[in-house]
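Engineer: Chain by chain, the residues run as shown.
2 protein chains.
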Amino acid sequence: MARVVVDVMLKPEILDPQGQAIVGACDRLGFKGVAQVRQGKRFEVEVDGEVDDAKLADVRRLAETLLANPVIEDFELRVE
Amino acid sequence: MARVVVDVMLKPEILDPQGQAIVGACDRLGFKGVAQVRQGKRFEVEVDGEVDDAKLADVRRLAETLLANPVIEDFELRVE
Numbered sequence: 180m181a182r183v184v185v186d187v188m189l190k191p192e193i194l195d196p197q198g199q200a201i202v203g204a205c206d207r208l209g210f211k212g213v214a215q216v217r218q219g220k221r222f223e224v225e226v227d228g229e230v231d232d233a234k235l236a237d238v239r240r241l242a243e244t245l246l247a248n249p250v251i252e253d254f255e256l257r258v259e
Numbered sequence: 180m181a182r183v184v185v186d187v188m189l190k191p192e193i194l195d196p197q198g199q200a201i202v203g204a205c206d207r208l209g210f211k212g213v214a215q216v217r218q219g220k221r222f223e224v225e226v227d228g229e230v231d232d233a234k235l236a237d238v239r240r241l242a243e244t245l246l247a248n249p250v251i252e253d254f255e256l257r258v259e
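Those protein sequence lines, which keep their order, are chains F and P. The numbering used here numbers the first residue of the first sequence as 180 and each following residue consecutively. The numbering used here numbers the first residue of the second sequence as 180 and each following residue consecutively.
Hints are supplied without guarantee of correctness; some may be wrong.
For chains that are exact copies, the list does not tell them apart, and a pair is met inside one copy or across any two.
[As the list claims (entries may be wrong)] The calculated lysine-lysine pairs, modelled on BS3-like cross-linking and capped at a C-alpha distance of 27 angstroms, are:
1) K190 with K220
2) K211 with K234
3) K234 with K220
Rather than coming from a laboratory, the hints here were simulated on the basis of the structure.
Using the sequences and the accompanying hints, generate a full structural model.
Structural biologist: Structure follows, in C-alpha cells:
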C-alpha cells in the first residue's frame, strides 16, 4: 500500500474569498504579520501495491477528472 | 515574505464520507487499485519577513484556533 498526496490549489489569478476571510479573521483575532492566505484541498490517495509510473499516471488522470477542476485549479502529486 | 503550509486532515478514527464518495466514483470511472481516499484542507499562509520560531508558534496557534478543529482534525505545519 502506498500513498499519493494530491494538493489542489486555486490558480494564482483566481480570487480566493475563503482565504481573504481568513486574513480578515487573523486581523480581528490579533495575529499580526499574515499577508495572504490561500485555501485549497489535499487528498491522500492510498493505492494498492507499489507506485510505479503507470500508477502515478492513473492518479494524475484521476486528479484531472475528479479531484481538481483544471479550469480554475492547479494540482501537484507527491508520493509519500 | 515566507510561506507556511498548513495541512489539515480528519483524525484517522473520524469517518470521511467525502473520501468514501471519491473511492466509489473511482470504481465507476474505471480507476482500479484505489484502496482509500481521505480529503482534507491545505492552507498556504504567507507571513511577512522570515519565519522564525516565534512566527511559527503564531501560525501554530492560528491553525489551532482558526484553521483546524482539534476535536476531529489533526494538522501539520511545513515551511516552504
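Engineer: Of the hints stated earlier, which fail here?
Structural biologist: none
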